[in-house]
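Asker: Work the whole structure out from these sequences, hints included.
Protein chains: 2
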Amino acid sequence: MNKRTVFFVSDQTGVTAETMGHSLLTQFDSAQYQSTTLPFIATAEQAAEVVRRIDEAGRASGLRPIVFATLVDDAVRAVLQQANALVLDFFAAFLGPLEAELAMPSAHASGRAHGMADLAAYTARINATNFALANDDGAGARDYAAADVVLVGVSRSGKTPTCLYLALQYGVYAANYPLAEEDLESGELPAVLRPHRQKLFGLTIRPDRLQQIRQERRPGSRYASLPQVQAELRAALALYARLGLPFLDTTQCSIEEIASRILERQRLERRVRP
Amino acid sequence: MNKRTVFFVSDQTGVTAETMGHSLLTQFDSAQYQSTTLPFIATAEQAAEVVRRIDEAGRASGLRPIVFATLVDDAVRAVLQQANALVLDFFAAFLGPLEAELAMPSAHASGRAHGMADLAAYTARINATNFALANDDGAGARDYAAADVVLVGVSRSGKTPTCLYLALQYGVYAANYPLAEEDLESGELPAVLRPHRQKLFGLTIRPDRLQQIRQERRPGSRYASLPQVQAELRAALALYARLGLPFLDTTQCSIEEIASRILERQRLERRVRP
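Chains as they are written, first to last, in our numbering: chain A, 400 to 673; chain B, 400 to 673.
Wrong hints could be hidden among the right ones.
No distinction is drawn between identical chains; accordingly, a pair holds when it is met within one copy or between any pair of copies.
Straight-line Cα separation of at most 20 Å, SDA-like style, residue types lysine to any residue; simulated pairs [claimed, not checked]: (1) K402 to E498; (2) K402 to R617; (3) K598 to D648; (4) K598 to A544; (5) K402 to I525; (6) K402 to R669; (7) K598 to G643; (8) K402 to M503; (9) K598 to L588; (10) K598 to G457; (11) K598 to L462; (12) K402 to A502; (13) K402 to R463.
Since the hints were derived computationally from the structure, they do not count as laboratory data.
Answerer: Below you can see the structure in the form of structure tokens.
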């Protein structure tokens, strides 16, 4: 069966169009489609070429394509509207009501979102990323005093990608400390973490999922065995309970969701704001 | 002067609402506002509490708040509409036309976007992040053979955050190699990179900006001096030109934009797709 084609068309990176379109399409379970992102479409000529591609895809599949667009320039948007497709244009839908509410015209200028309008924000993200990299594994002298949050959890419970995402997306300083067997056996908080208890946030994960992840990394090892995984997770949960640490089960969560829940729960200040 | 309040309200992380709202608000240069994200609003009771907060913010500032919402549940959305605010609801605007086009009802179920619907995608992002971390600085034996792209550039030109973003957002395997003084003096591609020339992508940056970044890192050092920065950047650009490498000036670019332009230019396959 032919799949419907979905296009994300943007005068910038296409991230907004993709995010928007993705959210909407996930509401249609059984819809089958293949998607193409066409970023940096900034001129009427480029838009005309996009229209040719869209129309060609429609002819090839026999199904009218769906287009999610974020195009600021009226002329470029007008060209795209000529495509034989369902064109859902984000700016067309919302700029009007916003102009009315704010009682001011919009700039109709592309390149503003995701552009480097704010050098301070860019620097904050880079600095937070460097912080996450430098405070990633709990070894050596770590700068927990400068951290906004310190994630704790057993190996492969999602700490590192979450720290990096918090840094890149929000400019938050996130360190992490992997709970090693000796920490779990003692049942005590490691000495280096004690002064920072208010910043600690625990991660946990379902044993079968953790086993699967570790198995990929070190097949057949004790590290990846179910009894080992179960014992570590049980000890980590007991530690969180004893200390009254907030924690999250990451099994069903995307990285975005883990990060967002930590921000919310810890009431963290974002250094990068929309 | 009082600032207008902007709310991002979501039954999920709020990332889509923020991205959408941010894109639109950047079109209004002179609008002053302060923003609040309210994620995980999933019930009518929670929505009623949100309405109280919105109305309170409106009373406090004397300016009607603006609300960007991504709420899938009709009942929750109906409560939010009672706020004394301009409520721009993303699902309300686009689900109708999509239902008509696809000739099927939408699920009206929350938690689909950014949820872990796709375990394979989650694993791809984690694996790509681990790859980026393991192939970050050019030292030791690097797995360039497995890389989708290898970023080259002088120290602090944006390689590391870009690699991490490519991994976390798109599941792309991005390695990076910092061009050291000996590489730049020889004018030759380092031997380890020669077999992977098709994967190389150069970064450059304006000298004054690079000086500023390095100055933050090692104030007063030769490393952060303008002559040093200029000489390195000149030599790197000469190398890109001699080899015919694609490259990008990151000075005016956000991390999203750098990543997006590299994907586009190198025609990289994304392992994670909307």
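Asker: Determine for every hint whether it applies to the structure shown.
Answerer: Each hint tested on the structure:
1. In this assembly of identical chains, K402 and E498 lie within 20 Å of each other by CA distance solely across copies; the values are 17 Å between and 38 Å within a copy.
2. For the identical chains of this complex, K402 and R617 are neighbours neither inside a copy (38 Å) nor across copies (54 Å), given an alpha-carbon limit of 20 Å.
3. Taking CA atoms no more than 20 Å apart as the test, K598 paired with D648 passes inside one copy only; the shortest distance there is 18 Å, against 38 Å between copies.
4. When the C-alpha separation of K598 and A544 is checked against a cutoff of 20 Å, the pair qualifies only within one copy, where the shortest distance is 9 Å, while the shortest distance between copies is 40 Å.
5. Neither within a single protomer nor between protomers do K402 and I525 lie at most 20 Å apart by alpha-carbon distance, with minima of 40 Å and 29 Å respectively.
6. Taking the closest pair of Cα atoms, K402 and R669 come within 20 Å of each other only across two copies (19 Å); inside a single copy the shortest separation is 40 Å, beyond that limit.
7. In this assembly of identical chains, K598 and G643 lie within 20 Å of each other by CA distance solely inside one copy; the values are 12 Å within and 49 Å between copies.
8. Taking CA atoms no more than 20 Å apart as the test, K402 paired with M503 passes between copies only; the shortest distance there is 15 Å, against 43 Å inside one copy.
9. Taking the shortest Cα distances, K598 and L588 sit within 20 Å of each other inside one copy (13 Å), while across copies they are farther apart (45 Å).
10. Proximity of K598 and G457 under a CA criterion of 20 Å is satisfied in neither setting, with 53 Å inside one chain copy and 33 Å between copies.
11. Taking identical chains as interchangeable, the C-alpha atoms of K598 and L462 are never at most 20 Å apart, the minima being 52 Å within one chain and 36 Å between chains.
12. Taking the shortest Cα distances, K402 and A502 sit within 20 Å of each other only across copies (15 Å), while inside one copy they are farther apart (43 Å).
13. With identical chains, the CA atoms of K402 and R463 are at most 20 Å apart within one copy only, with a shortest distance of 10 Å there and 44 Å across copies.
Comparing the model with each earlier hint shows violations of hints 2, 5, 10, 11; every other hint is respected.
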